[in-house]
Amino acid sequence: MTLLLALLLTLPVLAGLLLLSAFPRVQGVLVVAAGWVTAAVTAVVAVELAAVVGRAPVAPTLSVPLLGPIAFRYTVDGLAAVLVVTVAVIGALVLLAAAGEPRLREGRFVGAVLVFVAAMLATVTAATLPALLAPWEVMGAVSWVLIAFDRRDPAVGPAATRAFLTTRTADVGLYVAVGAALAAGVPGLALAATADAPGGWRDLLAAGLVVAALGKSAQLPFSAWLSGAMVGPSPVSALLHSATMVAAGAVLLVRVGPLLAATGWAATLVAWVGALTAVVLGVVAATQRDLKQLLAASTCAQVGLMVLGAGVGATAGAAGLLVAHAAVKALLFLAAGGWLAVLRTRSLPVLRGAARRHPVVGVAFTVGAAALAGVPPLSIWWTKDAVLAGVPLGDGLLTVAGLLATALSAVAATRAAWFLWRPTRSPSIRRGADRPRRHVPVAVTAAVVVLAVPAAAVGGVGVWTGLVPRADAGELVTTGVVVVFAAAAAWALHSRPIRLGSAVLPRLAAAARGWLGLEAATRAVVVRPVLALARVLDRADGALGAALPRAAETVPRLAREVDRRGERPLAAAVSGVAGGVRRLGDLARRPQTGQQHQYYAQGVVVLGTLGVLVAVLVVTGVR
Amino acid sequence: MLTALWLAPLAVAAVLVAVPAARREVVLGAWVVLAVAEVGGAGVVWAAVPRGGGFAFEVAAPWIPAFGVGYHLGADGFSAPLVAMTAVVFLAVALSALRRPPDEDAARTRAFVLLFLALEAVGIGVFLALDLVLFFVFFDLSIVLMYFVIAGWGSGGRVRSALQFFLYTFLGSLVMLLGFLVLAVGGRTSGGITFDIPTLAARAPVTGPAGVLALVAIGVGLAIKTPVWPVHTWLPPAHTDAPAAGSAVLAAVLLKMGTYGFVRIAMPLLPGPWRSAAIVFVVLGVVSVLWGALVALAQRDLKRMIAYTSITHLGYVVLAVGAAGVVAAGPEARTLAVTGATVQMVSHGLVTAALFLLAGVLRERGGTSEIAAWSGIAGPMPRFSWTFALAAFASLGLPGLSGFVGEFSLLAGSLPAVPVAVVVAALGLAVTAALFLRALQSMLLGDRHLPAAAERAPAPRIGRFRAPSSPDLRVVETTAVGLLLACSVAVGVAPAVLTTTIAPAAAQVVSLVSR
Chain L
1 MTLLLALLLT LPVLAGLLLL SAFPRVQGVL VVAAGWVTAA VTAVVAVELA AVVGRAPVAP
61 TLSVPLLGPI AFRYTVDGLA AVLVVTVAVI GALVLLAAAG EPRLREGRFV GAVLVFVAAM
121 LATVTAATLP ALLAPWEVMG AVSWVLIAFD RRDPAVGPAA TRAFLTTRTA DVGLYVAVGA
181 ALAAGVPGLA LAATADAPGG WRDLLAAGLV VAALGKSAQL PFSAWLSGAM VGPSPVSALL
241 HSATMVAAGA VLLVRVGPLL AATGWAATLV AWVGALTAVV LGVVAATQRD LKQLLAASTC
301 AQVGLMVLGA GVGATAGAAG LLVAHAAVKA LLFLAAGGWL AVLRTRSLPV LRGAARRHPV
361 VGVAFTVGAA ALAGVPPLSI WWTKDAVLAG VPLGDGLLTV AGLLATALSA VAATRAAWFL
421 WRPTRSPSIR RGADRPRRHV PVAVTAAVVV LAVPAAAVGG VGVWTGLVPR ADAGELVTTG
481 VVVVFAAAAA WALHSRPIRL GSAVLPRLAA AARGWLGLEA ATRAVVVRPV LALARVLDRA
541 DGALGAALPR AAETVPRLAR EVDRRGERPL AAAVSGVAGG VRRLGDLARR PQTGQQHQYY
601 AQGVVVLGTL GVLVAVLVVT GVR
Chain D
1 MLTALWLAPL AVAAVLVAVP AARREVVLGA WVVLAVAEVG GAGVVWAAVP RGGGFAFEVA
61 APWIPAFGVG YHLGADGFSA PLVAMTAVVF LAVALSALRR PPDEDAARTR AFVLLFLALE
121 AVGIGVFLAL DLVLFFVFFD LSIVLMYFVI AGWGSGGRVR SALQFFLYTF LGSLVMLLGF
181 LVLAVGGRTS GGITFDIPTL AARAPVTGPA GVLALVAIGV GLAIKTPVWP VHTWLPPAHT
241 DAPAAGSAVL AAVLLKMGTY GFVRIAMPLL PGPWRSAAIV FVVLGVVSVL WGALVALAQR
301 DLKRMIAYTS ITHLGYVVLA VGAAGVVAAG PEARTLAVTG ATVQMVSHGL VTAALFLLAG
361 VLRERGGTSE IAAWSGIAGP MPRFSWTFAL AAFASLGLPG LSGFVGEFSL LAGSLPAVPV
421 AVVVAALGLA VTAALFLRAL QSMLLGDRHL PAAAERAPAP RIGRFRAPSS PDLRVVETTA
481 VGLLLACSVA VGVAPAVLTT TIAPAAAQVV SLVSR
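Here the protein sequences come in this chain order: L and D. Each residue of the first sequence is one higher than the last, beginning at 1 in the numbering used here. Each residue of the second sequence is one higher than the last, beginning at 1 in the numbering used here.
Hints were generated in silico from the structure; no laboratory data involved. In this text the structure is predicted, and so the values were computed from the model without any measurement. Any given hint could turn out to be false.
[Stated by the list, open to error] Computed footprint of chain L on chain D, listed as stretches where at least three residues anywhere in the stretch have a Cβ under 8 Å from a Cβ of chain L:
1. 14-25
2. 375-386
3. 488-501
[Said to hold, decoys possible] Heads up, incomplete: computed chain D residues facing chain L, CB under 10 Å, no partners named:
4. 1
5. 3
6. 136
7. 237
8. 290
9. 396
10. 405
11. 431
12. 433
13. 438
14. 445
15. 451
16. 452
17. 515
No residue lacks a Cβ here, since even glycine has one placed at the ideal position from N, Cα and C.
Given the sequences, and given the hints that come with them, work out the whole structure.
Pasting the structure below:
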């Protein structure tokens, strides 16, 4: 069992690293086959593990000590069993679909996807904080590699950097959380034991985890990176938005539900952030003209509902919604990618009639869109109601927000479907002759058709098997009616647009279409001040660096001063003294002329002087 | 064993001096062979380090008995990993030196090799020294040798940068010597004057004004070498103007002498003053982290940017050793902090040396390491791009690489002691990620644009073979950088190899600080 878990975690990462390091530039069928076999084996192992966990109350565990109190422990409990199957299966299908695009049949791409999937598998099975943190960060870095895959495109660099940087900044919260858990003495730093941490440390722990999870899940105010991530290849979007990356934050919040509840504030905060994101990004989704952007915004909104579920304690419902949404969103993104490959556009008005032109993909897409809308009895209807059933009865506002989000997601899904099923208008779609390719790649079609089954049925199966709680009938009927009404209204309004006199609404819609300026706001509030601070500090650093040499230059200046004021006068004085002495010496030498008669004369003068002196002394002494 | 380990490079140097007619290939080859042998020797020493703490291969002999100066060497959990890191970095530098321009004067090549051999001896010696005077001698010799490397083989304003480096760090080392004297004399009450580190650690520690004076003097000296804000300003010009090999050694080995001094000398010998000054080190560490990261973000030259990230990475180390002085937190967390700090030293040495060697490749090919001068190089320079991306991710602390192990454990271990400081410093993680991503994005992605010199693809003739005309990494360069990064990956994947060696020594220092 432990062996199976070890295989699950190491097989894709080793295969991925091998492809990345040894065959990054190799293209073609061998690479694709290697990647797909790995992914398929991983999926089989995941299903096997889930079956083991389902049959008997055991939790296969893999533990690797790091140092001291820190250990890496991975466990497959009930939640993890469901999630590993979701992640592995969707990973395999995404790799299958990616094989449809020739430029993605490269070792670099397949390897990165495998590492990415492995990181998500480790994230959902992590039982301790360090075990969570490591793959969590790896996932962020690999997302950078995947989004920036088309490296010539000037748009990918900033988008990839924004994605990694946003999540990385939020990840600082995880580092803080680990430290807080260590300080609080959480045994083994286990996620399950975090709720028992004492007072202040528990608050810090919860705050760190919440920030990290919201960043990864692209919840408000971190949502902007998800919009930019759309420049990556479509299979990458399908992976990022369904079972991995954005889902990781929701998984973490579901796991630490008891901790959130124990703090008293974190659960409420999380529920409200989730609800707010579901509504606001629901509006953003409903106004998009770009298919991938519409799907991206709707991802934020759906994950918002999962986060809401984690906040109100509807963990089973949130997990169910996660699985259902993963299948649905993977399907929708792969279909959008298929059309992008054929029609070279993501613009909804240009995509008119695409579903009629490619009916198989079109029908599968419609199933997914209906599920996304929450049409009964498809999967998201069941699971979303399981989440909403968890909202406390007294909390009217949260319930209203939940219903509003439901209606908005119905509108967005209907909008996409309406455009795709319009009678063909675009000449390029009608003729189809000047296009490089006439059909959606077979691999994409196959993946999409396979995904349509879980997209439709997984919610119902979950309720039937009892994994997802069943909401009461009244609620199910209510949301069903809301969805059908909203979808019908959206369809009607698209077919017969109503011209409104007001100029405000179009402007609001334009703002929503631009993701409410979230990116510009992030730029203005975070990026620009940080860069400005960096420049200011750079100048200050230059000044600091110049100050010391300047201070050091005072040493030579001091030396010159000492030289001028001290050394030279001193030297002058010394040479003055020396000159005086020399002059005296000259004077003293002057009598030494070397001539006999002058010496005699000098002797006479001296003796005379002495005689006078003696005479004077004698005279004065006698007296 | 240890004596042989640090003397071997000097012996090879002596042979090279004695045989002046040796061809430059022989000189370079001898250096590589020696570097490989040193890595092996360092491995043997590491394996012999007692897992329960204490020193391996201890050598003690009187040197100047009148003043209590001895020749005392030993390897414990702090020194062995750093010696191994030093040996690996020098091997990488030796390998990359195999591609020195073939038209270089043979005498000049010889001088270069001799300087680096001496640097290797000194670099290994400083981590093995268990005597304050011996430590000081190695410490100072490294400054002198590095001065010649920068002034002789540098670029730009090399003479000025080298002089600034020399004066700054030499002044610091003199202040440090003053502190050593206070330590030796202050401990006299319980025995004669001694400079022996284990003996001083076993004695009653120096306290009171003398202790504070000693800590200030030693702290200033080590802080300049580390370097800690605000005495870091010698570092960027020195790195920018030094040759790539010199930058790699400067960052990997010489800077570590500062941080190593904290755990080897300042903390165990001055526990009382260290506890009272812990918060100063924590604050300086946090300021260094953020200052270094933000200023690095504003840099346009790759080498300068990497130089500033050194200040960030070693700021984390200073933060952690400061936090280890806050006794209120439990010994377990503080041991984790010191262990993490040591892992960070090793990791920074490996990764930053790799980054500097890569920046040197850019400068050699295109004549510039300006970030804006290179764009879209993932196409024409795939090997460079992969190694550079890996090194950048290692430097920003990605799990699976060594930087993560160090930063993760030191941040987690320091948080119980100084929560606010750690939360603030952790923001440096995001800024570091930003600056490396900016460089990766700007250099690797986008349209292909190389400096004219690199685009012309110089194809030097080596013997009868024409070198490949790609500006990408050559085999020896890939080997050199790959060696460093492989060590980083090894530490990241199996950190226990490193941490089990360090932890006993860290626990011992933490208990000494708590005295």
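Against the structure, the hints come out as follows:
no.: 1; hint: 14-25; verdict: violated (count 0)
no.: 2; hint: 375-386; verdict: holds (count 5)
no.: 3; hint: 488-501; verdict: holds (count 4)
no.: 4; hint: 1; verdict: violated, 28 Å
no.: 5; hint: 3; verdict: violated, 32 Å
no.: 6; hint: 136; verdict: violated, 23 Å
no.: 7; hint: 237; verdict: holds, 7 Å
no.: 8; hint: 290; verdict: holds, 9 Å
no.: 9; hint: 396; verdict: holds, 8 Å
no.: 10; hint: 405; verdict: holds, 8 Å
no.: 11; hint: 431; verdict: holds, 7 Å
no.: 12; hint: 433; verdict: holds, 5 Å
no.: 13; hint: 438; verdict: holds, 7 Å
no.: 14; hint: 445; verdict: holds, 4 Å
no.: 15; hint: 451; verdict: violated, 19 Å
no.: 16; hint: 452; verdict: violated, 21 Å
no.: 17; hint: 515; verdict: violated, 22 Å
Violated hints, listed in ascending order, are 1, 4, 5, 6, 15, 16 and 17; each of the other numbered hints is respected by the structure.
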